[in-house]
Amino acid sequence: MQSGNQSERSDVLPGTLQMLILKTLTRGPLHGYAIAQQIKLTSADVLQVEEGSLYPALQRMLLKGWVTAKWMPAGPKRRARVYQLTPAGRKQLADEVSGFTRVMEATLRVIQPA
Amino acid sequence: MDWLDELHRRLSVLLRRNRFEHDLEEEMRFHLEMQADQNQSQGMPTQDARYAAQRQLGNTTLLKETGRQVWAWRWIEELDQDVRYALRMLRNNPSLSLVIVATLALGIGANTAIFSAFNDFLLRPLPFRDPGRLVTVTQLNPAQPERLTGWASPPNYLDWKAQNHVFEDMGAWDISTSEFNLTGMEQPERISGKRVSSSFFSVLGISPLYGRLFSPEQDHRSGDTVAVLGYGLWQRKFGGTTDVLGRKVIIDGKPFTVVGVMPADFRFSTPPEEIWLPLGRFLPGGRDGRHLKVIARLKPRVSIAQAQIEMTAIADRLAREYPETNRDETALVASLHDRYTHTLRPALVALLASVVLVLLIACANIAGVLLARAAARQREMAIRRALGAAKERLVRQALTESLLLAMIGGTLGLLLATWGVHLLYAAVPAAMHPLQPAGIDASVLSITLLVSILTGLLFGMAPAWSAAGADINSGLKPSSRAGASRISHTRSRSAFVVSQVALAVMLLIGASLLIRSFVHLLQVDSGFRAENVLTMNLSRNSSNGANAFYTEILQRIAVLPGVRVAGAANLIPINEQSWGQDIYIEGRPPRAPGDIIWAQHRSVSLDYFRAMGIPLLQGRHFIEQDLRSPVAIINLAMARTYWPNENPIGKRFGVSSKDWISVVGVVANVKHYGLDTEPAPEMYFRESMHGMTLVVRADLDPTSLIAAIRDAIRSVDRNQPISDIRTMQSIISESVAPRRLTMALTGLFAVLALLLAVIGLYGLVSYSITLRRHEIGIRLALGAERSDILRSVVGNGLLIALSGVALGLAGAWALTRIMTRLLFGVTSHDPAVFVAVPLLVAAAMAMASYFSARRATRIDPMESLRHE
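Heads up: the sequence lines are chains A and B, in that order. Each residue of the first sequence is one higher than the one before, starting from 1 at the first, in this note's numbering. Each residue of the second sequence is one higher than the one before, starting from 1 at the first, in this note's numbering.
Don't read these hints as lab results, they were simulated from the structure. All clues stand as given, with none of them false.
Calculated lysine to aspartate or glutamate pairs in the EDC-like style (CA-CA distance at most 16 Å, straight line):
id	chain 1	residue 1	chain 2	residue 2
1	A	64	B	5
2	A	91	B	2
3	B	299	B	168
4	A	64	B	6
Working from the sequences, and respecting the hints, build out all of it.
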């Protein structure tokens, strides 16, 4: 890890990686590396995806049927495994977002002075 | 269903596991390459870029493992590994595996076969509606021998039925007729059947396949001539056509109208009844005529104990009301299930116990063998633990191996058992078969599975723990021998052999007691001579003219070539049926309360005693003039009971209200109810009942005379049905068949047990020699005598064997008491058996350790020292 930027960067909150991946995939099919890059980009480099946990998370989502995967050509003699959101995945995302928002708002209410 | 979809995805990935691995691998490689490219484009050198990418992603092997875990196959994979490994181990040592599997197949197979018989006879609920609430109610006099009472008189039955509040309903059948003549069809036939009350079927909860059953009015109306056919008779005689309803059948010479047909699976006895007639005229009757068996259905939530209290109260009331007939009578309520199980229960329990013991011994044997192998594999285990294998993992692997062996053994055992059950039932007379012989059914299968698993765990536990307990340190040292763990192996093997020998001693003692009982039984003086005697049942439709008929056919049979003498009796040995009557003796005061003065009534022809070979002890045989004159021949038991120390000849006694009857002769006691029973007082009269059994003594093999005898009978009456043609010897043989089977099987199991114990000890001794090879070599080199070494090795083996024998003796002493009901003529602590069996086992064990130990003396000291 680049220790220099430690203060500006954070690991994703526990339990939210799945939601971030699902959200990222709403823009269209992406491969694993691109998902990690996207999250970093969209969060303006604040959120650092622990890449190690990305792939097991994707496996879990495959198992749950929230995403499907297929191989697509990616440049010469290379192919990438591209993940696509399923309707079940969209529903799961909506559930997780609403749950997360509720918790977030409640947390903010507590920590911000009225 | 989400979880179903999920399971489907899991399975489809599981089935394409190679592709899954490959995908994961390629995906991560792609990631690494992309990251490396990016790093490179930011100016990193190629190599560093790649390392950085790798660092950022983490341990790819671990990631793949985590990915795999998501799909939860780790345990499947490990199981797969364990099974493969176990199979490899089994293949590596085929002869050992074969011996283990064969032992298990025999052990589990025998258990399955015996258990399925046990299940058929004792466990399966009766095939009637809600069978748990069905009971029998018997009228009995506690002072009389069990078998001579137990039937209810019709008025008592009607009073019970009317006065009780514990039964939904009561039904009855008449025990005096269980066979009927069926004529009017091509072949006259004797068929089994019952006269039953109308409530009999409703108590059981059975409805007819076609037509109707009997109505309550028919219980009291005499001359009601309707009949219900059993399914078998309907198929056999009427081709299973439905227009049988309304047709006439001739039963005992009278026409009956068929009103119904019973369903195919309905059976109340074995073999099943073929015809059902209404009780009708039998219901009104005297309180002294006891010929009804009574069944009843308990009301819901009424227990047998509650019903018993009520029935005792009713019986007491009846005893006060009718002291003449009911004085000492009570009513006993018992589960209907007992009717089918009480005779065979002790034998089946003994058999099941012995077969379980054999399996335990087999387990001990296999455990011993596997322990020895575990000792040999200690290095391997130590290496694997040093390489990081978890202890639990090694235990699981060893257990997988044992379970695999047990499963293979169990499967083969099941195959053996299907065959064994068949043999078992073939060896038992048909009349003793269970109501529904299902053989191996789902419950037997699950028990077999359970037994296989338990067996595997049982013999696998010790080797598994010893595998896991391998001490890495000493296990890896090349020269470690006779280490602590090996000694502990030997110790647990010794414990196995001790318990094996103990169990074998117990089984052998049990089996020897049974064998001695059987020998005693066969040596019993039956009171008659069974050789070359043929018997057959005949029945006339009424007693009218019966005497003339039987006299005529006996005369014709007597002159047939090859026939020595021909006679007839209403009841011949060996038969459960009896007909007891109260008697009074001339010159004695009338019966005091509680006195039982009675005798069995038997009707015989002129030459019956000579035909059956019953010796006349005193007085004379019957003569032609005795017919209808008041004379009787009595048995020795009756003479001793009622005229002790007196000459009974010429003494007189009375039966009911007839004239005085004079005793003209005394014959030997006959074991009428079975070889293992005590004789009752018996009086023989020269008379003919409508149903008689012919007894023909031949010069040679009597079965060759069957055709000639049948012709002789048919020449008198061509419509006369003949049934149950059997030799006296086969009757005896059938009567002891359950004992013989129990004895033979227990004997077989005991021999197997001894064999297994011998093998166990042999193996232990030879293993101990292998361990002591080095030491023995040194001793020999130092000048020890080979005979000394032999003595020490044999001595060790014998010490183990003798501890087992002592333990087994103690166990047998404590346990044989439970088999008292199976014994005859020996006590459960028969001294001969308790001395001979331990000696035999000790001798066998001495031989086993001697032959095994002889190997020790052949050790070449030079070789054994160089070896290490």
